[in-house]
Amino acid sequence: MQYLLMTYVNENGWSKMTPAEQQQGAAAYMAYGEALKKAGALVGSNRLQPTSTATTVRIANSKSQVLDGPYVDSKEQLGGYFLIDVKDLDAAISWAARCPAAGHGVVEVRPIWSMPA
Amino acid sequence: MIGLQSNPMNSREGDEQARNLAEAVARCCYGKLVAFLAARTHDVAAAEDALSEAFASALADWPRKGCPANPEAWLLTVARRKMIDAFRGQRREIAGEELQEIADGLGAAALAAEIPNQIPDQRLALMFVCAHPAIDAGIRAPLILQVILGLDAKAIASAFLLSPAAMGKRLGRAKEKIREAGIPFRVPEPEELPSRLDAVLDAVYAAFAEGWSDPGGTDVARRDLTEEAMFLARLVTELLPQEPEALGLLALMLHAEARRRARRREDGEYVPLAEQDPAVWNSQMIDEAETLLLRASALGTLGRYQLEAALQSAHVDRCRTGRANWAEVVRLYDALFALAGSPVVAINRALAIAELHGASAGLDAMPEAAADPRLAEYQPYWAARAELLAKAGTYGEARRAYEIAIGLERDPAVRRFLQMRQSALDGR
Numbered sequence: 001m002q003y004l005l006m007t008y009v010n011e012n013g014w015s016k017m018t019p020a021e022q023q024q025g026a027a028a029y030m031a032y033g034e035a036l037k038k039a040g041a042l043v044g045s046n047r048l049q050p051t052s053t054a055t056t057v058r059i060a061n062s063k064s065q066v067l068d069g070p071y072v073d074s075k076e077q078l079g080g081y082f083l084i085d086v087k088d089l090d091a092a093i094s095w096a097a098r099c100p101a102a103g104h105g106v107v108e109v110r111p112i113w114s115m116p117a
Numbered sequence: 118m119i120g121l122q123s124n125p126m127n128s129r130e131g132d133e134q135a136r137n138l139a140e141a142v143a144r145c146c147y148g149k150l151v152a153f154l155a156a157r158t159h160d161v162a163a164a165e166d167a168l169s170e171a172f173a174s175a176l177a178d179w180p181r182k183g184c185p186a187n188p189e190a191w192l193l194t195v196a197r198r199k200m201i202d203a204f205r206g207q208r209r210e211i212a213g214e215e216l217q218e219i220a221d222g223l224g225a226a227a228l229a230a231e232i233p234n235q236i237p238d239q240r241l242a243l244m245f246v247c248a249h250p251a252i253d254a255g256i257r258a259p260l261i262l263q264v265i266l267g268l269d270a271k272a273i274a275s276a277f278l279l280s281p282a283a284m285g286k287r288l289g290r291a292k293e294k295i296r297e298a299g300i301p302f303r304v305p306e307p308e309e310l311p312s313r314l315d316a317v318l319d320a321v322y323a324a325f326a327e328g329w330s331d332p333g334g335t336d337v338a339r340r341d342l343t344e345e346a347m348f349l350a351r352l353v354t355e356l357l358p359q360e361p362e363a364l365g366l367l368a369l370m371l372h373a374e375a376r377r378r379a380r381r382r383e384d385g386e387y388v389p390l391a392e393q394d395p396a397v398w399n400s401q402m403i404d405e406a407e408t409l410l411l412r413a414s415a416l417g418t419l420g421r422y423q424l425e426a427a428l429q430s431a432h433v434d435r436c437r438t439g440r441a442n443w444a445e446v447v448r449l450y451d452a453l454f455a456l457a458g459s460p461v462v463a464i465n466r467a468l469a470i471a472e473l474h475g476a477s478a479g480l481d482a483m484p485e486a487a488a489d490p491r492l493a494e495y496q497p498y499w500a501a502r503a504e505l506l507a508k509a510g511t512y513g514e515a516r517r518a519y520e521i522a523i524g525l526e527r528d529p530a531v532r533r534f535l536q537m538r539q540s541a542l543d544g545r
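Residue numbers (this note's numbering), protein chains in the order written: chain Y, 1 to 117; chain G, 118 to 545.
Take the hints with a grain of salt, since some may be wrong.
With a straight-line Cα cutoff of 30 Å, these simulated DSSO-like cross-link-like pairs (lysine-lysine) come out [what the hints assert, rightly or not]:
{"hint": "1", "chain 1": "G", "residue 1": "K271", "chain 2": "Y", "residue 2": "K75"}
{"hint": "2", "chain 1": "G", "residue 1": "K182", "chain 2": "G", "residue 2": "K149"}
{"hint": "3", "chain 1": "Y", "residue 1": "K38", "chain 2": "G", "residue 2": "K508"}
Source of the hints: derived by calculation from the structure; they are not laboratory data.
For clarity, every value in this text was computed on a predicted model and none was experimentally measured.
Could you build the full structure based on these sequences and the hints that come with them?
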């Protein structure tokens, strides 16, 4: 089954880190991605640019509305995702717990809505 | 019994006193009450429901009417009534005769109410029910935590990395099985006791530690449930004082707990065993562990937990005296491996062999990930491999093994520690 692991972290945290800490942090994510790959669980993953680059779009009263900034303004922001393919929710949770984001933010685990073939 | 009887008082103070008393009773007697209520009906869920209603009544009644002299018996009497009502209300296919029998059985509680401290302690039997071979091994520890200690599914789920909904469902299914399959509420006969007790001890240990987390494999991963598990281990040793493995398990836990603070620097960074400061260890706990281990060895049957506790005690001795004792450690691991040949033991044995005969001997003793697919996703395996590869001078392979270990680690402090070890190889 496929699950989307969404990482929510405080994006201001990154700029407050020393270059050495940033390097260590990035390396942890790299290693995590490698471990997922090696386990044959990784379908895809990406890191997102900070929410200051976000734009939200909606149609209200037949008029499109385009706004600067993220949809949800919260302490932790969606910072990236890992799309994984594993046996079941338990396996997805155990991978979520290994994600570095679980240590400095939150990882949300959501099953992918599978379409009948 | 201490005179807990009190006069009705103003409501806030009364509320607080009632709540405190209810909490104290829940802490010491929850499992005892569940065990008593479920022993006759085999319906653990119904016993828990009735008991939680009884606790709710207590919080409503005690502030108004004063706390009862024997709160345990009060709760049991109310819970018993609720349980009988629930059985009647359910119109489940219980013959009138059987219902009468249940009512009579539970009625014994009313007699007990006259004599404090006479509620028979059937917690041990209940633990054997929870760890019965018919119950899935993975749910035994959560089940014991819930029915003996009254922890809710949410708290248990986090510790076992399951969703609360899934944990709730599995606990429910296990309780259903207990009821439907007619699992007997009794302590097994002496001839089957050792193997059945192993299952109970394994469940208690699983609650204590989800696995070995550090590359040295010498310390137990910390979990929130440590304290609860120690309470359970103590309970088993109190109820079965002549069982050496129960004593061994408690000794093992005390050793791990004694070193808890030393595993972290003040800034939260991880400290491996070899670099810990023995002065930070809790020597009182270590002493208790040693005493327990002596008591166990006098009983004459060696087992897995005694060996593991003996290993901890060997590590403690080496760190305190600075005297290398790797030959003894390897001997203990050999014995442990012969008894319980798990990959975890094999990894730690290989690390000890490396200390005694060098890194390449250690690598030869390491299990192969190809032979056991579980190892591929087992962090301590990769961390241990990396350590030995680095010692053997195969830096490229060591770096790759560290990379996998880092990717598999959950604990941020241990992850940083592994990253440090990995970058120490840079340029080599």
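Evaluated hints:
no., hint, result
1, G:K271 x Y:K75, "25 Å, holds"
2, G:K182 x G:K149, "25 Å, holds"
3, Y:K38 x G:K508, "25 Å, holds"
Checked against the numbered hints above, the structure breaks none of them.
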